[in-house]
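Novice: Below are the chains, spelled out letter by letter.
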Amino acid sequence: MAQVIHIHPVTRIEGHASIAIHLDDVGRVSDARVEIAALRGFEQFVIGRPAEEIPRIVSRICGICPWMHHLAAVKAIDGCFGVTPTPAGHRLRELCQVLAHIHDKILHFFFLAAPDFVLGPDSDYSVRNIMGMVRKDPELAARVVRMRQLGQMMLERFAGKAIHPVAGVVGGFAKPMSNEERQELQRDAALLLDFASFALDYAKDKVFGRFQEEMQSLGAITTGFLGAVDAQGNLQLYDGLLRLMHPNGKSVDFPASDYELHLSEHVEPWSTAKMVYAKSWREGFSLDPAAPKGIYRVNTLARLNVCDRIATPRAQAELEAFREQFGRPAQGTLLYHWARLIELVYACERTLELLADDAITDSAIRNPATPQAGRGIGHVEAPRGTLIHDYTTDDNGCITKANLIVGTTHNIAPMNLSVHQAASSLICDGEFDEEMLNRIEMAVRAYDP
Amino acid sequence: MSDNTMSGAVMVVGGGISGMQAALDLADLGFLVYLVEKTGAIGGAMPQYNKVFPTNDCSMCIIAPKLVECGRHPNITIMTLSQVVDISGQAGDFTIRVRKYPRYVDTSKCIACGQCSAQCPKSVDDSFNSNIAKRKAIYIKYPQAVPLKYQIDPEACLRINQPGACGVCAEICPPGAINFDDQEHDHELRVGAVVMALGFQTFDPSKAKVWGHGIYPNVITSLQFERYLSPNGPTDGILTRPSDGEPVKKIAFLQCIGSRDKNRCNNEYCSSVCCMYAIKEAVMAKEVNPELEVSIFHMDMRTSGKEFDRYYERARSEYGVKFIRSRIHGVEPKGTKGDLRLHYISPQGKQIEEIVDLVVLSVGLETPDSMVKLAETIGIHMTPDRFASISAFMPVHTSRKGIFTCGAFNGPRDIPQSVIGGSAAAASVSSLLASARNTMTKTTPPSIELDVRLQEPRIGVFVCHCGTNIAGVIDVEELTAYAKTLPQVVHVARNLFTCAQDTQDLIVQQIRDNGLNRIVVAACTPRTHEPLFRKTLKSAGINEYLFEMANIRNQNAWVHNQEPETATRKAKDLVKMAVVKVATQTALKPLRIPITPSALIIGGGVAGMTAALNLAKQEFHIHLVEKTSQLGGNALHLFQTWNGEHVPRFLKELSEEVLNNPNIEVFYNSTVVEVAGHVGNFNTTIKTGTNRKQTIEHGATIITTGAKRYIPEEFEYGKIPKVVASIEFDKLHMHNETRVANGKSFVFIQCVGSRNKERPYCSKSCCTHSIQSAIKLKKEVPSRQIYILYREIRTYGQRERIYNQARELGIIFINYELHGPPKISREDTGVLVEVWDHVLHRPLEIKADMVILAAATLASPEAVELANMFKLPLNADGFFQEAHAKLRPMDFNVDGIFVAGLAHYPKPLEESISQALAAAAKAGRLLARKEIALEPNTALVDPERCDGCGLCIDVCPYLTIHLVTYQDDDGSVKKSVTINQALCKGCGICQGTCPKRGITISGFTYNQIEAQIDAALCTELTPEASL
Amino acid sequence: MKPKLNFEWLHACSGCEISMLNWGEQLLDLFDQVEIVHFPLLMDHKYGGQLGEGAPLSLPEADIGLVSGGVAHQEHLQVLQEMRKQCRTLIALGTCATHGGIPAMRNQWSTADTLHTVFTAGTVDKEISPSSAPAFLDRVYSIDEKVRVDVSLPGCPPQPQLIGAVIKALVNKDAFQLPQKSVCETCPTIREGKKKMAPVQRFLHNADYDRDQPVSEMQCLLEQGLVCMGPVTAGGCGGKDTPLCLQARVPCRGCYGPVQPGGNQLLDMMNALASNGIDHRALVDRKSLLRFSGAHGLLKPARKKN
Amino acid sequence: MNREQKIIAFCCNWCSYAAADLAGISRLQYPASIRIIRVMCSGMVHPEMVMHALAQGAAGVMIIGCHLGECHYIKGNEMALARAEVITDTLEDLGYASEQFQLTWVSSAEPERLVEAFRNMCGRLAVLQSEQSADHIM
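Chains as they are written, first to last, in our numbering: chain X, 1 to 449; chain C, 1 to 1027; chain F, 1 to 306; chain H, 1 to 138.
Worth double-checking, as some hints may not be accurate.
27 Å max Cα-Cα, derived BS3-like pairs, lysine-lysine [unchecked claim]:
1) C/974 with F/195
2) C/744 with C/847
3) C/66 with C/627
4) C/731 with C/823
5) X/136 with F/2
6) C/66 with H/75
7) C/974 with F/196
8) H/75 with F/4
9) C/871 with C/286
10) C/778 with C/731
11) C/38 with C/207
12) C/535 with C/109
13) F/240 with C/974
14) F/195 with C/871
15) C/617 with C/442
16) F/168 with X/401
17) F/287 with X/401
18) F/4 with X/136
19) X/136 with F/168
Pair ranges (Cβ atoms, derived) [said to hold, decoys possible]:
20) F/300 with C/865: 37 to 43 Å
21) F/32 with X/24: 44 to 50 Å
22) C/456 with X/180: 24 to 30 Å
Quick caveat, the hints were computed from the structure, so don't treat them as lab data.
For every residue, glycine included, the Cβ atom is placed at its ideal position computed from N, Cα and C.
Using the sequences plus the hints, can you model the full thing?
Specialist: Put into structure tokens, the structure is as follows:
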């Protein structure tokens, strides 16, 4: 008898989602969908607002990665008003962005994802969580909690607000960094780098090692990838060119402002979430598991796949090891976790790199801006993928049009495919249990939606 | 006379603005005042005016509070329909016979419901409306009248003229107040002093037929015009032609009707006010209808007061009022439709005929014959112009000691001068009767009050029928039943007249019996009756502020009298609103601040010395600060007053008296350097001649810092030695210096530095001054050629006499305009003056031996600093800006500080002395109180809510709000604001600003108002959201 | 028995949850003191049972319920009502829950208009609106518009210590006091009154301050002419320290909602400016002063004028 | 719909409240929907009070103060004027009809003017209501 299995809500992810798995008469998966409830109308209600206020509004798209939206918007508004941030302003923004990556990655890996691995996908739902982790390894849990908090507090101490930030301003940054602040941040960043290295070692040892097979197979699909690199092909989070890699490994680099030439959005009648696909491949869009079209992925794994190298030593070493083991591009869905921890190391190293430069304490932090008509496209690599804010302003510098492509949007289509893949491989006769359903959720969790 | 024979009572005769001001000041200075008014209500002339110049305030609006204040003052007894018959005795101990004419209405019963008037069948001309409308035989003078009691006009009343007739008013009067048998009575009253504020009447132009008043309906007087313009007048402010009700398109104002005229009447003097009121009326008419053509025909525009010239200029340039310098000698009809024809000669010498559809006669002021007779009876001297004879040095003293005078009875004058006169008279009385102060006044004993803070509200509601005024419309039984259902209401009663004296006793009893701690009276308006009921609460031992009125008469029954059901529903809302408001009312106690009984007077000129001496005689201590080493100020340069009194002698006597008075401490070479404190308790630091700083504690401050003279930059002054300023000329003249002695031709140039673009004001005394000098020169050597080049001769009031005299002596007056000033050049040993002669219409060359420049009076440059220290405003010309140009001419909005003399505006000595006395009255009124009881409805800061955001600081008009920083319990630094309660007036602008209800006005808290809103809208606060 | 805790998010961004995690190690104590029975961000309890066998959208009973986010569609409303039913004490956490928050900005448009704009914006390949989307309500509601709320804890996000303190107090049945005053309470900037306040300017240049001096040496931003919503906004974002935005030397935008319960930040701010003689019309886009408190019917589509 | 339409009128103690008393003395008739709340000064009325009244269902709100330049407290009515602009702007911003609010100056001697203001307010609220109900039907 045909039936629909609902996983509602998908838990230990960063937003609202549910999964519907349709079984046919014989209990085989006929369809599987992830519904991400994302509609909040930002594209509508930013209209009419003075553009310089937008960074403080759109941060509310996500409370986990508000800095990403804040900074993508700031960069876009710079474009609208035709102003370039001062060098120090630019550095301070990037510093905040990489710092914001740190807490995010710790949160995702340890608080959300790790319980599946550390406690096991089959453990009871009531303990398969951070509270269970605390019970199992209080010392580790305490360190994790402390370190994530530290990442946030570094931001709050320096930039006022960590959640829903305010310090990025059109033309630069709102406050300069003092030497005391810089030294304090350097001390703390060193602690974080230690922890990042520890975390990666811990994961390789205690997590990935134990789930070698799943790492490659659970929710595995073959797709293209999108991420950011600099002109030399180095991994970039704050700035850089977008690189779209075809499943066949061929890439094209383009500035974010050209995104419309390469990407397009698609609406499925069953979802309020828009899906993005690679228009420039000229194959259209299809979610057919047998012959998907236009599908690419973003987020950590994608970035590690598209970049040629990472400019910081520890992360580069990890990248090399990763590539050696999984090739390029690596397609295994759970490898997102691994890639995430490599990026954590990079973010810590990059933080220290930025802080090491005296220019970061410069007083010239903001160039004055004048409201004007214009269009600006701001891009950053958010923890959940390529984030694009695209605004148009009128003569008074108020928004007339907005388009926002958030990281998760790119990944919605692949997530659907991954869920379909996982569900199909796990459920074949209409029988299912909690562990199976959790494993299906694990395929979603890897994308960190 | 020994002090104990002095009476502490004073009689003020005349209830116009001057008399009212004198009465209020005297009552507060500690004297019992009998305010004798010959009509049925006080107020005098002001209630008849639509607006006042130059502020364009609504006249009624600004006088109404004064009326109420007089009506309510415990130490003012108003005697209406009364006249003084005879005064015997002497200063300090007069016996006065006052005749009180019958009103035929018992004022203790009349509730002013107006039903009598509505039913009265007899209509007669209403003199209040200048006979352009009718009133009934039983009437009130005007709706805001004080006392608000009806009166019967015995000449008009059918019943009084024919016993047995009519009587309808007596039949319908709800409280039965009509008494047709009322009789006139004589009262003998003992008082220590008398203030004669007898007022004026307007000239009756119908006597001289030339103007056609009383013949042609479209010729009206300026007072009638006021009534036409007045929104509360008989035409609701709509101006139409009296003849046919057609819209008015063209108006001519004719000035000097009954003034400056020895031919058609005997009024030689200038009435002083007509130029300004004509401009005002013209502007008002233009405001309503900008299309209107308005011309003012005049001889000189005498707009010499503060801000008057600006007003004049605005009327011309902004409103397009035409000013034509020509005296019109007659008005003729044109056709049969009511149009009027005027002939005049234009400034260019042409004969012009003008057709207008309304002529307004700017009638002058004169003393009524009855008052002249009264003055004769009591033996006070009058001038030939039939005004009280006064000395410029003693501007409110009559020839009989102990009898003072003020207002237009002292000569024609405007409202501020009358107010100043009233206060000045009060000051003079107060110094005379200082020893009898507070011997006759009433004080209410303090009552013991129940502490209700911890009690639950127990509200009593008293519903008034007001006869049938309320009960005839509103279902009072239903209302009473409804009131019983309201929360916290424990007692409800109905009364026929809640304001009746026996009801007060009943209410007290019911408060006690039912343990009521908050009272609502549903009756008339709190504006008239709140004080009465508060007193009742007090006598019942409840804080008087735990009271609220529901205005179900004036604002309900009377205005919805055709909709009894709706009105009843509304009455329920109003009662509910009052109940919810009073429920959270807290007991309030006025803050009492002791007053330092001394005054600081800054400036030792005539004004400063006059104020000092008066206050010293009132037994207050005075600190007189003078920046030079000599007392006397600008008067040191003066030789005589306008009527020829010798100034140096007066100045010498005044200085000696000041120096010899033990209550006056003079600081020479001293200036104020720092100011702290507030009304009642100022701490002012002065720097003395030895550079020592000294801090003076004082309760009041009077600023008499004078002015300085303009050093001309024009007319070759300083380049040609024979061109001198008038003050210099006086000195040369006094010593008969050779330039003067040998001079055969003298030219005076007026308005030097005044009335120009830079200083668009009139220096006020120069015309008179120059004419006096000219007369003296001419009298000395009649062959001297004397010219006065003027723009407008402003010998206002009785000064007109010397202008006439000068012309009779052959002094030549030549008019010039601002854009064509005389040209001066050196010629041989003399000076050549070239000017355009407007009479001959050709240039004129005068060879002068001396040219005398009437240089302007300028604001003292030190005023700026002083104003900053005391937080006082200056006007655009740098003179101190008084609180209100009309009614508070020596006050500031900052309490306890007063201004007098040239610091306020240029003025002649007489007016400086008056203003100084008036300022002394104000200061004395404050100091005599010993302590200030501050209105308790002031702003309170809620420390639970205020966080010192500072939004309210600069919105406060009285600058009472300040930021403070404090440490809270855990040591963290917090900010808040504090209110200086002594300065707060409770306006609530701060409450209207604060976004967090951090500051509220007790009695009108945000929560109370919100509760009233909720009650009015009958919303029960039921959260729809609860599950 | 440890008190049970439900933590739901509705029309929310998860900032409130992250803020709670920013409480740091004290969080571990909390995990000890309460039993979390439903918390989608951190644990795997599902509506209607783990296999979906129970009643749809059913939740466990709890002593304390935390709800972040406002109510935008039917499912939010159902979850919220279930929360209210199951939780003895219900806490509205964060400004979305208490005042609608940023998402309530969309109340200036009808739901249909918003859907149209969103699904036609940018690079969408075809213009369709999803058919099986959850049933959107006509506007975004704060949760107290829909159910009774016991504790309102605004903030975007609420300060972690305050969340912690409230939960702890509820667990220990202690009394607690939420901040009553505005952002200005803990703002150390120099204030002298608004008389000299410059005309309102857009935030296109940084505030005037000496980078080597603490915030306490900086002139009040409002007095500098930068519209700072501090005076009309509930305080507490910086705990007892300087408000967070001020730490970053930027003006407050009002994220804790009105300081006065039921207050109107737009009206209060405009009133404060106008009362101080500042031309309120110089302000570009007044409505965004309600960007955090557009629920309670405050933000509405513009009235159609005839 | 049958609920009685009410108008809250904040009247200042010195001018408009006195004028309202005088309107009674003169027996001028005006619609009974007016509910006068006495305040010391028009500058005392916080715009939130206006908004509160409308939110509680008042058909309209009036603030009636002294003529400009005649404020008993120097500048309270100027303050009310500045706030009135805020109120009307905000009413439009918040989707109310700004016609629901009116600021008027009336001196203590102008009861006719006051009554006219009351009548005008009622009149325009009636127009507004008929417009709105017409919108509703459409």
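Novice: What are the numbers of the hints the structure violates, in ascending order?
Specialist: 3, 8, 9, 16, 20, 22
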